[in-house]
Amino acid sequence: MATKKAKKKVSRKTSNTKKAAAKEHADHHHVDYVTVWKWLVGLLVISVVGPMFEIQALTLVTAFGIAVVKAYLVVKHFMHLNLEKRYVAYFVGTALVFMFLFYAGVSPDVMNHTGRNWSNVAAKQETQRVLQQIEAAKQSGHGHGDH
Amino acid sequence: MKPIATTRSATGTPTGRLAVWWVIASEIVIFGGLLGSYIMHRLGHPEFGDYASHTNTWIGAFNTLVLLTSSLTAVLAHQAAENKDGEKAFRLLMCTIGGALTFVLVKSVEWTIEITSGYTISSNAFWAFYYTAAGLHALHVIAGAIIMAFVAVDARQGRELQRVELVGIYWHFVDVVWIFLFPLLYIAK
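In order, the protein sequence lines correspond to chains A and B. Position 92 of the first sequence, counting from 1, maps to 92 under the working numbering, and the rest follow consecutively. Position 121 of the second sequence, counting from 1, maps to 121 under the working numbering, and the rest follow consecutively.
Don't take each hint at face value.
Unchecked claim - Which residues of chain B face chain A? A few of them, derived with a C-beta cut under 10 Å, are:
no. : residue
1   : 22
2   : 31
3   : 35
4   : 41
5   : 169
6   : 189
It is worth saying that the hints were derived from the structure and are not from the lab. Cβ atoms here follow ideal geometry from the backbone N, Cα and C, with glycine treated the same way.
Generate the whole structure from the sequences, applying the supplied hints.
And the structure:
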């Protein structure tokens, strides 16, 4: 009896899985992958050309804003994350949240070279040394600083 | 007897696919930590902009195009596998592997030029990040190409076609990582 019930349960599960697979299959065919690829290539061209104008705001938008859009297109249309059960997006999203938590916790100490009761002397000196070298190289017409 | 990952779907998501998503979640933490560290150093050290000016944007852009195209062939292979066309899936996966080889070849030429010009992993913090991030990514590309070769051989014989999708998801993730590495290492100068 128990075996019969278990078998029925498995068969129902298999049927649900098959239905879900059929739905997924239909959804995949709504996407024209070549069109998505053309969009990605178009965005790549913009992300290369945009920073050539050397306007900081434009560089940020065209390089990094477009990277986010490109990643979204790949995750949605190629990885089909939107077709997965919602909990998959949740645990992938949790990994991203951990990344931002790490950034929020550590970045103030790295991005600043001085703070309340502390000073990163080595970082400050290194930055000043290289910037001075770059400036000197520019003045003497040699281009970039050392490596 | 088939492995449990290909026959079981206890959570409503095939176990093999769920496992790939778990791998990706852990990879996000690995690459996220690395890229996050790079970004905070980049913002704290204006001299990084000068160091980055020595990277070649055109080589980076070409490799981005290669990876985007290899992602297209990977997803088309997945589509072919869904249609039970193992032969077509095999051919498309081979194209993806071709993309991986092109990427690695271009990268090795690029690194040779940079190293012979004196920009090595120990030159300064920027180049240390550059070689670590791009090198870790390149290792993922190589690993993906090797796994894909096994999947492609099976697919050609009509075996384990569901694995085409699994290796594809991993491959697209490798592509997404590069999508962020490209502006960080090649464009922000």
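Now the hints, each set against the structure:
Here the hint on residue 22(B) is kept, as its CB sits about 7 Å from the closest CB of chain A, short of 10 Å. Interface restraint check: residue 31(B) against chain A, minimum CB-CB distance 9 Å, threshold 10 Å, status holds. Among the interface hints, the one on residue 35(B) holds; its C-beta lies about 8 Å from the nearest C-beta in chain A, closer than the 10 Å criterion. Contact between residue 41(B) and chain A, as hinted, is supported at the beta carbon level, the nearest pair being about 6 Å apart and thus within 10 Å.
Evaluation of the residue 169(B) hint against chain A yields a held restraint, the C-beta minimum of about 5 Å falling below 10 Å. Below 10 Å, beta-carbon pairs count as interface contacts, and residue 189(B) has one with chain A at about 8 Å; its hint therefore holds.
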